[in-house]
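A.B. asks: Sequence:
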Amino acid sequence: MSNAESLAPPIPENLETRQAGALQALILVFTTQLPIMGLLSLIPIIPILFQQFGQHPNAKFLIPLMITAPSVCIALLSPMAGFLADRLGRRRLLLGAVLGYGICGFAPFFLEDLTVIIASRFCLGITEAIIMTVANTLMGDFYSPEPRRKWLAVQSAVGSLSGTALLFLGGLLGGYGWQGPFLLYLLAFPIFALLMFFTWEPVSQREPSGVVGNERFPVRQMGIIASVTLFCAVLYYVEVLQVSQVFHLLGLTSTADIGMAGAIAGLGVPLGAVLFAKLSKQQIHVHVTMVLTLFAIGLIGLGQAGSVPWAVAAAFVAQVGCGMLIPALINWCLGSLSAQYRGRGVGIWTGAFFIGQFVSPFTVTLLASLLGGLTTAIVALGGISLIAVLVVWLIPRNVRRPSTQTT
Numbered sequence: 003m004s005n006a007e008s009l010a011p012p013i014p015e016n017l018e019t020r021q022a023g024a025l026q027a028l029i030l031v032f033t034t035q036l037p038i039m040g041l042l043s044l045i046p047i048i049p050i051l052f053q054q055f056g057q058h059p060n061a062k063f064l065i066p067l068m069i070t071a072p073s074v075c076i077a078l079l080s081p082m083a084g085f086l087a088d089r090l091g092r093r094r095l096l097l098g099a100v101l102g103y104g105i106c107g108f109a110p111f112f113l114e115d116l117t118v119i120i121a122s123r124f125c126l127g128i129t130e131a132i133i134m135t136v137a138n139t140l141m142g143d144f145y146s147p148e149p150r151r152k153w154l155a156v157q158s159a160v161g162s163l164s165g166t167a168l169l170f171l172g173g174l175l176g177g178y179g180w181q182g183p184f185l186l187y188l189l190a191f192p193i194f195a196l197l198m199f200f201t202w203e204p205v206s207q208r209e210p211s212g213v214v215g216n217e218r219f220p221v222r223q224m225g226i227i228a229s230v231t232l233f234c235a236v237l238y239y240v241e242v243l244q245v246s247q248v249f250h251l252l253g254l255t256s257t258a259d260i261g262m263a264g265a266i267a268g269l270g271v272p273l274g275a276v277l278f279a280k281l282s283k284q285q286i287h288v289h290v291t292m293v294l295t296l297f298a299i300g301l302i303g304l305g306q307a308g309s310v311p312w313a314v315a316a317a318f319v320a321q322v323g324c325g326m327l328i329p330a331l332i333n334w335c336l337g338s339l340s341a342q343y344r345g346r347g348v349g350i351w352t353g354a355f356f357i358g359q360f361v362s363p364f365t366v367t368l369l370a371s372l373l374g375g376l377t378t379a380i381v382a383l384g385g386i387s388l389i390a391v392l393v394v395w396l397i398p399r400n401v402r403r404p405s406t407q408t409t
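Those letters in the sequence shown? Residues 3 to 409, by the working numbering.
Please note: incorrect hints may appear among the correct ones.
[To be verified] Have a look at the derived ranges for each label pair, beta carbon to beta carbon:
#1 Q53 / P363: 22 to 30 Å
#2 H58 / Q284: 19 to 27 Å
#3 Q53 / E217: 53 to 61 Å
#4 F85 / I105: 17 to 25 Å
#5 F200 / G375: 50 to 58 Å
#6 L396 / V221: 33 to 41 Å
#7 A24 / A265: 46 to 54 Å
#8 R20 / K62: 51 to 59 Å
#9 F364 / W395: 39 to 47 Å
Treat the hints as calculated values from the structure; they're not laboratory data. Using N, Cα and C, we set each Cβ at its ideal position, and we do this for glycine too.
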């Protein structure tokens with residue numbers, strides 16, 4: 003017996019009769035929202051955090067680190083999380099991560115030392131890397147291509163709505179003190195219960211035939227997928243991270259007004275998810291071509307906007323692209339991997355996307371210094387997005403279309 007077989011838990015009786023349905027999909031969709039909470043829930047209280055911990059000698063460095071530490075862990079540790087998911091099984095790993103997420107996420111509610119709080123945030127990031135990777139891997143394990151595409155579109159739309167809700171709730175709870183937003187992490191415990199009672203280990207992970215095989219990990223294919231993901235993620239976050247500054251440059255100074263303008267633009271994400279669902283059977287180069295074209299229109303329009311309404315309209319177009327991008331890339335990744343390597347592949351994809359999140363603001367800053375301003379840099383990135391449309395069509399044909407395999 004191989005090591006992989008010995009690590010696989012026993013097969014319950016009649017497991018083969020289980021079919022994942024809407025309940026399991028919704029549980030996984032809401033599970034994937036937990037890492038979003040790690041970043042967005044604290045953004046509204048950044049000024050309060052500086053008031054609370056401003057006397058710390060390294061506050062200017064440590065407070066931003068408190069916000070971003072989980073995302074750093076996702077970028078660096080997701081490939082390892084995927085490897086563990088393939089070796090140890092999905093469900094137990096996910097259950098442990100969600101339980102740890104709730105404990106580590108809520109811990110700062112009782113903590114006062116900034117260094118200890120940041121340590122808890124890094125621990126939170128470890129659990130988030132596992133959650134992001136394993137939840138998306140299970141989406142590939144549980145569903146055949148057609149329902150998988152539908153639920154990935156739902157996941158994208160829910161992500162947009164939950165992001166807006168988390169920003170609102172984070173600000174609302176921040177009114178009760180800097181610890182208030184950490185109450186949101188208690189939501190992990192009902193999700194843990196749902197995962198415990200209504201999900202199971204996929205058959206392919208319990209059967210020896212699903213763990214051991216002669217098939218090799220698709221290095222070349224995943225290299226292309228990761229490269230496209232990294233590039234698109236950099237462009238994805240340009241509008242997301244810079245739109246507030248553009249609104250401010252156009253004379254919108256009230257944080258409430260900026261938030262409202264951003265929320266209106268964010269309505270493009272559900273529309274993008276619907277477009278993906280309608281076009282989900284197309285090959286990836288068609289999806290990415292549409293996304294990059296929308297990014298080009300949105301970013302060039304945002305950089306050249308002379309008024310707030312035009313900026314909101316341009317940001318809306320870019321957000322439509324955002325709504326299409328993530329489900330298209332995840333679907334491409336999941337469909338390109340057998341169950342044997344699906345965890346590793348999704349881990350690599352997740353790491354590439356979150357590395358793009360970090361590279362994006364530095365790219366904008368560099369271009370702004372070279373070209374003479376933020377809006378000029380945004381226009382330049384819109385131009386790069388348009389040029390990249392031509393490159394997308396060079397993706398090899400055998401890499402473009404996800405396979406129809408379900409195990």
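A.B. asks: All hints are to be evaluated individually against the structure, with a verdict given for each.
C.D. replies: Each hint tested on the structure:
One distance hint, 22 to 30 Å for the beta-carbon pair Q53 and P363, holds here, with the actual separation near 25 Å. The given range of 19 to 27 Å is broken by H58 and Q284, whose C-beta atoms sit roughly 52 Å from each other. With their beta carbons about 56 Å apart, Q53 and E217 fall inside the hinted range of 53 to 61 Å. Between F85 and I105 the beta carbons are some 24 Å apart, a value that agrees with the proposed interval 17 to 25 Å.
The beta-carbon spacing between F200 and G375, approximately 52 Å, falls within the hinted interval of 50 to 58 Å. A beta carbon spacing of about 19 Å between L396 and V221 contradicts the range 33 to 41 Å that was offered as a hint. Our hint of 46 to 54 Å for A24 and A265 is violated, since their Cβ atoms are close to 28 Å apart. In this structure the supplied range 51 to 59 Å holds for R20 paired with K62, their Cβ-Cβ distance being about 52 Å.
For F364 and W395, the Cβ-Cβ distance of about 28 Å falls outside the hinted range of 39 to 47 Å, so the restraint is violated.
This entry does not satisfy hints 2, 6, 7 and 9, going by the numbered hints stated previously.
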